[in-house]
Amino acid sequence: MEGGNNAQTHRRTDAKDDISATARRISRTDNFNFSIYHFTMSGEVSDKQGNPIDVGDEVVTKMRGGKRQGVAEDIVMSEEEAKEKGVKHPPKVLFTDQHGHHVAHNPEALTNLDKSKE
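Sequential numbering of the sequence shown, starting at 25, is according to my numbering.
These are computed hints drawn from the structure, not numbers from a lab.
Check each hint, because a few of them may be wrong.
Label pairs and their computed distance ranges (CB to CB) [what the hints assert, rightly or not]:
1. Gly90 / Ser140: 17 to 25 Å
2. Met101 / Asp138: 18 to 26 Å
3. His126 / Met101: 16 to 24 Å
4. Glu103 / Ser140: 24 to 32 Å
5. Ala133 / Glu105: 17 to 25 Å
6. Asn130 / Gly89: 13 to 21 Å
7. Val79 / Gln122: 15 to 23 Å
8. Gly89 / Glu68: 29 to 37 Å
9. Pro76 / Glu105: 14 to 22 Å
10. Gln73 / Val95: 14 to 22 Å
Values in this document were obtained by computation on a predicted structure and should not be read as measured data.
From the three backbone atoms N, C-alpha and C, an ideal C-beta is built for every residue, glycine too.
Whenever a hint applies, use it, and build me the whole structure from the sequences.
What follows is the structure, given as structure tokens:
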């Protein structure tokens with residue numbers, strides 16, 4: 025019987041470790057505003073500060089110790105439009121970065137430079 029209790033205790037310890045690991049991952053995203061994670065019901069997308077993103081706005085995101093910056097060329101809102109544009113999991117903001125690469129990013133990962141300066 026003791027072996028059964030030890031096995032149960034061991035499983036509980038593993039579960040606690042899993043919860044601790046999850047808590048550590050969540051704590052790394054403390055600066056992320058989860059309240060604006062999804063785009064609004066009006067069909068408008070927002071950046072990570074809650075500022076709306078429109079076509080023509082200058083957007084930037086951090087990436088691998090640097091940043092990607094460009095002007096929003098299109099905003100993909102539906103699955104059909106995403107298939108046409110060759111992207112997955114809308115909504116996406118499409119832009120060409122400073123190196124000429126075509127980029128599709130989640131709006132909540134971007135910062136709208138035009139709106140954040142106001």
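Going down the list of hints, with the structure as the test:
In this structure the supplied range 17 to 25 Å holds for Gly90 paired with Ser140, their Cβ-Cβ distance being about 19 Å. A hinted range of 18 to 26 Å holds for the C-beta pair Met101 and Asp138, which are about 20 Å apart. Checked against the hint of 16 to 24 Å, the pair His126 and Met101 passes, with Cβ atoms roughly 18 Å apart. About 30 Å separates the C-beta atoms of Glu103 and Ser140, a value consistent with the hinted range of 24 to 32 Å.
A hinted range of 17 to 25 Å for the beta carbons of Ala133 and Glu105 is consistent with their spacing of about 19 Å. With their beta carbons about 20 Å apart, Asn130 and Gly89 fall inside the hinted range of 13 to 21 Å. Distance hint check for Val79 and Gln122: the Cβ-Cβ separation is about 18 Å, which falls inside the suggested range of 15 to 23 Å. Roughly 31 Å separates the CB atoms of Gly89 and Glu68, a value that falls within the hinted 29 to 37 Å.
The given range of 14 to 22 Å is respected by Pro76 and Glu105, whose C-beta atoms sit roughly 19 Å from each other. With their beta carbons about 18 Å apart, Gln73 and Val95 fall inside the hinted range of 14 to 22 Å.
In summary, this structure violates none of the numbered hints.
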